[in-house]
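K.L.:
Okay, here's what each chain looks like letter by letter:
Protein chains: 2
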Amino acid sequence: MRNAKMRPTDIQTSTMNDIKEYMKGVGQAARAASRTMAMADSNAKNHALENIANAILLNSAKLIAENAKDVAKAKLEELDAASIDRLTLTEKTINGMAEGLLQIAALPDPIGEISDMKYRPSGIQVGKMRVPLGVIGIIYESRPNVTADAAGLCLKSGNACILRGGSEAIHSNQAIAACVHQGLREAGLPETAVQVVGTTDRAAVGELITMKDYVDVIVPRGGKSLIARISSDAKVPVIKHLDGICHVYIDDEADLSKAVRIAINAKTHRYGVCNAMETLLVNANIAEKVLPELCKTYLDKGVELRGDDAARKLVAQMSAATEEDWHTEYLAPILSVRIVANVDEAIDHINTYSSQHTDSIVTENYSKAMRFLREVDSASVMVNASTRFADGFEYGLGAEIGISTDKIHARGPVGLEGLTSQKYIVLGNGQIRI
Amino acid sequence: MRNAKMRPTDIQTSTMNDIKEYMKGVGQAARAASRTMAMADSNAKNHALENIANAILLNSAKLIAENAKDVAKAKLEELDAASIDRLTLTEKTINGMAEGLLQIAALPDPIGEISDMKYRPSGIQVGKMRVPLGVIGIIYESRPNVTADAAGLCLKSGNACILRGGSEAIHSNQAIAACVHQGLREAGLPETAVQVVGTTDRAAVGELITMKDYVDVIVPRGGKSLIARISSDAKVPVIKHLDGICHVYIDDEADLSKAVRIAINAKTHRYGVCNAMETLLVNANIAEKVLPELCKTYLDKGVELRGDDAARKLVAQMSAATEEDWHTEYLAPILSVRIVANVDEAIDHINTYSSQHTDSIVTENYSKAMRFLREVDSASVMVNASTRFADGFEYGLGAEIGISTDKIHARGPVGLEGLTSQKYIVLGNGQIRI
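For the record, the sequence lines run as chains P and D.
Okay, so the first sequence: first residue is 1 according to this note's numbering, each after it adds one.
Okay, so the second sequence: first residue is 1 according to this note's numbering, each after it adds one.
Worth double-checking, as some hints may not be accurate.
To be verified - Calculated pairs, DSS-like style, for lysine-lysine (alpha carbon to alpha carbon, straight line, at most 25 Å):
hint, chain 1, residue 1, chain 2, residue 2
1, P, Lys92, P, Lys75
2, D, Lys224, P, Lys423
3, D, Lys118, P, Lys258
4, D, Lys224, P, Lys235
5, P, Lys92, P, Lys73
6, P, Lys240, D, Lys235
In case anyone wonders, no lab produced these hints; they're calculated from the structure.
Taking the hints into account, I'd like the entire structure generated from these sequences.
P.N.:
Following this line, the structure appears as structure tokens:
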């Protein structure tokens, strides 16, 4: 790296001081671009999204060729099969990226939306206007399609963004960034609205998460250790997703056919996802009726079962769950099972062990459903539905930048609105404070 | 301090380890109380607020006696007159506290509010429910009335709170806390929902702002150095207020009588407040017409003027403003004045120097008003109104815990809603993800 004026797409090694200067340059360019993006009209932003989608489709051969360099290196370095799978771009994933961008273009523009304008006794009219956050820093791991998704969401919500993908995907990310820049340029928007950090040096992340003057919020996407590290070191606010320890509670007044359907879907639809159920709670009054049948299906599907003593009395193939199990996000075909006396015990268990991601009750009882909704302190709380629905697309947000398990700013799936804020606006006619 | 089970109202000296244990105990009690408060119905919360108001009025002699101890100590330690003034409780401030609590009781309960419930193609119905944040830590300086205000707002919004007032107000704060506890007890709510930290040791603040397991958000109230220190050391999210460098821009299409009225009010209504104007921007086309008259009034009121060259040509008594001036929150009868060529230059100046608190344009031109509203990136943006209106009461929030100059979660005056969050709720009928 020669100096701070290098193009952010250059890849070079560097000293710590160079990195500091370089990231400052990236930050300043992002801050300047964010001012333009905040004022960009919906048409310009939608044209940019459509242009980027086109550029990605037209350059698919190039993207696959660049991606092949990353994949070859990953194989040489003996990355595990799952990581290489996430890293690999195919015609299908490329079409998916373009499709995702067109879906974002079709969403309503959140920026400039005015709401709640009310006259006050002083004669002023006060309400809110939705505005971008400014500059979003996104830190992610191997999936290169995040580059297009994240750029699209930030662009539509009027933000500038600084993307820092995994070093193993650097060629793929740079090639996608070239398409993004082409699309922005053709729409008359600044290319610096989306910058891909051009160095694989880890120190760049350290700079990104502490540049309070240039970055308004950090969204880390990746494994738990990455997110925990970033949250602990960041000086910029972080919208984060930690564990997904999700529960389904089958009440004694559940419709058992719904209960079985939901409990099977929540665990076995996909194992490695954050909204999969990890612990099943069953009311003691109906445990004998529902648990053996349910567990037979789990075992048939190859799910390992770990339970408390009461559950193990009903299902012979269940091993003993430890305290550790209730705290564990397996992300695997393993399920912990606990028998509870009533909805109070279920809520207590969830508020103690849940990661406040997504929890569901199956019941036909109105009052218990309402209590569960009110009292379970999680980002998504459900009645008679599979935890697998906790997702931006399923919720109608159109796309998501991630799922937040935080309490402030945004909870649950974070779509365009989570990348915005509201300022107060006041319309007067010469009023002064008396 | 003997052990972690001491009552939080005990005042004793202690070792660092004792403080850690003590604060952990306070945190655990707050977390437990927050669960009860989240489920408390509106009636119970309103009764508690009314009971506290009563207790404060009935114990006014006691409050004044306890306050006298703090005031005597402050005088002995030769605190400045302004600090002693803020510290002193009178019949009037005590009535004000009680009145404030009754006003909070009269506000609608934000908790449990359900909005935006929409059916999705999968058949589930998705929307949001407003919920408390959990445990709020409030750190403040000499004003003892904050103890009642903050307790009232946290209580109504279903949160538990941990209050850490200035050591100079410890007797006053403890006496007010006793009234709060009496009111909570009489309403059947846990006293630990409002805890006043019982040690004046500074280490307690260090614990409070890093206890991520027990505290969900910190609201610091006080001077800039206090807030900067807390923000930099906190591991818990902080809702903060830094500078209030507010601007009024008088456009060349302004109604000059409105302009003069607003510019005078914004600067001279009160000098030491965050929403007072610190810099006046005047369009060059009307500067000659409006500035001499306006400045005569400022000078009559004893306001010192500092301006750029163009402004100084029009007003002889104006000294030269330095770059430093544009960055300064005077909180005093000093005003910086700059002549700008047009609304673009005004917006540029504001987005460069403003602390993103509150900025106002005076104009009769529709397009310029709309551009100013959209393009000025501040928590409150106004047209033809005094910056002094940026206030929770004036905005109809009923009361405010503070004014946020942050971008995420809450911008501008923070009322009950700023102490809440929204979780997703999903109502299903047995739906599973396919």
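K.L.:
If a hint holds in the structure, say so; if it doesn't, say that too.
P.N.:
Verification of the supplied hints:
Among the hinted pairs, Lys92 (chain P) with Lys75 (chain P) is consistent with the structure: their alpha-carbon atoms are about 21 Å apart, no more than 25 Å. Pair hint Lys224 (chain D) plus Lys423 (chain P) holds up; C-alpha atoms about 22 Å apart against a cutoff of 25 Å. At roughly 22 Å between alpha-carbon atoms, Lys118 (chain D) and Lys258 (chain P) fall within 25 Å of each other, so this suggested pair holds. This hinted pair checks out: Lys224 (chain D) and Lys235 (chain P) have alpha carbons roughly 18 Å apart, not beyond 25 Å.
Simply put, Lys92 (chain P) and Lys73 (chain P) have alpha-carbon atoms about 22 Å apart, close enough for the 25 Å limit, and the pair holds. For the given pair, Lys240 (chain P) sits about 14 Å from Lys235 (chain D) by alpha-carbon distance, which is consistent with the 25 Å threshold.
Hint compliance for this structure: every hint is met.
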